[in-house]
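The listed protein sequences derive, respectively, from chains A and B. FYI, our numbering numbers position 418 of the first sequence as 418, with every residue one higher than the one before it. FYI, our numbering numbers position 228 of the second sequence as 228, with every residue one higher than the one before it.
Just so you know, these hints were derived from the structure itself, not from any lab. There could be a bad hint or two in this list.
[Unchecked claim] Between beta-carbon pairs, the in silico distance windows are:
{"#": "1", "chain 1": "A", "residue 1": "Pro259", "chain 2": "B", "residue 2": "Lys257", "range": "51 to 59 Å"}
{"#": "2", "chain 1": "B", "residue 1": "Glu202", "chain 2": "A", "residue 2": "Leu51", "range": "52 to 60 Å"}
{"#": "3", "chain 1": "B", "residue 1": "Asp71", "chain 2": "A", "residue 2": "Leu299", "range": "41 to 49 Å"}
{"#": "4", "chain 1": "A", "residue 1": "Met337", "chain 2": "B", "residue 2": "Thr281", "range": "31 to 39 Å"}
{"#": "5", "chain 1": "A", "residue 1": "Pro298", "chain 2": "B", "residue 2": "Pro237", "range": "23 to 31 Å"}
{"#": "6", "chain 1": "B", "residue 1": "Pro70", "chain 2": "A", "residue 2": "Ala46", "range": "39 to 47 Å"}
{"#": "7", "chain 1": "B", "residue 1": "Asn214", "chain 2": "A", "residue 2": "Pro298", "range": "37 to 45 Å"}
{"#": "8", "chain 1": "B", "residue 1": "Glu202", "chain 2": "A", "residue 2": "Leu53", "range": "46 to 54 Å"}
{"#": "9", "chain 1": "A", "residue 1": "Phe285", "chain 2": "B", "residue 2": "Asn162", "range": "45 to 53 Å"}
Where is the CB? At the ideal position from N, CA and C, for every residue including glycine.
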Amino acid sequence: MNELATHGEIKSLKDLFYFIRKELKPKGKIFTPFNVISFPIILLGAFLVILRLAKGLGSVTNLSQEFPWGIWIGFDVMVGVAFAGGAYILTFVVYILRSERYHPVVRATVLNGFLAYVFYAGAIFLDLGRWWNIVNPIIGNKFGVNSVLFLVSWHFLLYMISLFIEFSPTVAEWLGLKRIRKILASLTIGAVIFGIALSTLHQSGLGALFLMAKDKIHPLWYTEFIPVLFFVSSIFAGLSMVIFEGTISHKVFSHQIDPEHQASFDRILIGLGKGCAGALFVYFFMKVLILIHGKQWPLLATPMGTWYLIEVIGLVLLPCVLFLHGVRYQNLTVIKMAAILSMIGIIINRLNYSIIAFKWYVPLSERYLPSWMEIVITLSIIFTEIWVFRWVVNRMPVLKESPEWVLEEKTVEKGIALRKEAPQWKVSAM
Amino acid sequence: MGIDRRGFLKLFGVGIGGALSGSLFLPNPSRGEVIIPKTEFLGILVDTTRCIGCRSCEAACAEAHHLPVPDIDDLSVFEKERKTTVHQWTVVNRYETEKGEVFVKRQCMHCNQPGCVAACLVKAMEKRKEGPVTWETNCMGCRYCMPSCPFEIPKFEFHSANPKIQKCNMCWERLKKGEKPACVENCPEEALLFGPRRELLEEARRRIYQKPGNYISHIYGEHEVGGTGILYLSKVPFEQIGFRTDLGTTPYPEYTKGFLYAVPLVLLLWPSFLIGVNALTKHEGERKGGRMR
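Produce the complete structure using the sequences and hints provided.
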């Protein structure tokens, strides 16, 4: 379908413009149920964004002096970034541990991670009261180096760049830029290592934001180990998202995926489920240790204690057991269910820190509940992200095979090496 | 107080620039380590036993900062406990206690090591050498200062397209001119006393010792959250007059310090470890730089 990409390099700028203009046109049916639902919501969301920028946050949100952070922070940013954690874990597994088995899902995951950061971390932009000052911590007006948020903002920026570099060879393949692809591909390992370090810090940094809300967060949730908990939970959050998103992508884009990869996907899911079970168990264990260490037993008998137990037992321990069961009996349905459960657990957990267990002592009538406009804007952000994801997947070799010339180049590059190692990764793949 | 504030502030002006540029990349210096400080934070001692609830301070504050001036003859405001708002940097509340009616003026506490300042990623919130915690317009409006403040003081203008954080700044602009804060100057009962924090503490202790029946033996703000610029005296336990007594004595920035100290370590050690693992897993015959797609 993209002759230029298959036939060779783009020679001039004019070729490039022509090619991109051609690619910008929609592919496939326009009136799908998803489009019919999402398009009006995105339009409405865009209108509300304009209203928010013109009239201030109070015109569309239910935020108050008591609850300065709503779902745009608690859900869009906190949950969105946790779900995007799949990118740093899979790049670790594939590029650092060199586990070839997961290679087929790396590109989609990195793309998903990149878009998640652009859109969900981008939601910060809407949430900033004085958004025109967003560049201040970057340009040094001034550097608030004592702030956790300073670290998080820089890491968001740098990690977005890392993810883009990791994804860039795919873009080069799409544009048919042979030489540039080679250069970009050589940057991948550096971007991966840098990206993992950044992710470790800002995933935990998001938790560290709440360390100074000590007097406002329910003691069952507040612990000095919040950063560690956020980091560990981002592992199973990210992997569960890969399972969830991968399952949907493999259905929706099934025509793009060759049968061999389609078959290997089931084994990938089981592997990911194993990883999730491990991370969930570590997380559960830490939760228990912190509970015992904090001597907060009597609080478990309160209504907030019940809510805590629902989160820890129902949405951490239960998915952990389900993952183990699914892996043991090779049951993909159970694994997918467990993934959804643990994702709900992450949503509840992040909302607890930012909204629900935050100022739990404030009576219900004065509590924050998102307005319908906040929800519409959140939905339109999610839908726009899916639109862009679909646009990219339909054009670039994300799920489908790279163009011929890339494969040829690879075979030439390491012809002998490949034959030598072949038996080795057969063993590791078992 | 027997201090020439004008000269004292001038001296600071010179020092601030140099001190700020030097401390730009250093963590908050722990002020507790200095035994005899050369410069001292200014503060206000609020003696709630003297306050009659006239709300002159509210009116003076509003006038000084061009905020809507409240009607101070309206007694109905005392029916409910009020918090400071975007239009009211200070409010006086009335409490029924075991020892009768008590009026309490509330405003920013001007902590020695403020959570809001440690939270701010652009240093829009700043603890001045002279003591006040002030806000500047390079703020991004992220509102991280709000959950980080133990006293919930920063207030955000949610209904503005150009929103500001509104809070007491101890009349920073008046201080620079060598004047006292407006509320202190307009208090008819001398319930408010302005001066260096150390002298205020001495004065507070003197009052407690001289009239032990009049006061409980606790100066709120002496140790709370590492010490605050505004100090309170009371004749009843502070829980009864709307204060949180469960905030602890740890300065709020300390809570994030451990995490921030771990950052350079992780950034240094993690990549080296990853490069090591990457080298270990390298297959034989592979070229330098790893096998990429």
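Here's how the hints hold up against the structure:
1. A:Pro259 / B:Lys257: 51 to 59 Å: Given a distance of about 55 Å, which is inside 51 to 59 Å, the answer is holds.
2. B:Glu202 / A:Leu51: 52 to 60 Å: 55 Å, holds
3. B:Asp71 / A:Leu299: 41 to 49 Å: With Cβ atoms ~45 Å apart, the hint holds.
4. A:Met337 / B:Thr281: 31 to 39 Å: For Thr281 (chain B) against Met337 (chain A), whose Cβ atoms are near 33 Å apart, the range 31 to 39 Å holds.
5. A:Pro298 / B:Pro237: 23 to 31 Å: 24 Å, holds
6. B:Pro70 / A:Ala46: 39 to 47 Å: 41 Å, holds
7. B:Asn214 / A:Pro298: 37 to 45 Å: 38 Å, holds
8. B:Glu202 / A:Leu53: 46 to 54 Å: Since Glu202 (chain B) and Leu53 (chain A) have Cβ atoms about 52 Å apart, the given range 46 to 54 Å holds.
9. A:Phe285 / B:Asn162: 45 to 53 Å: 49 Å, holds
The structure meets every hint from the earlier list without exception.
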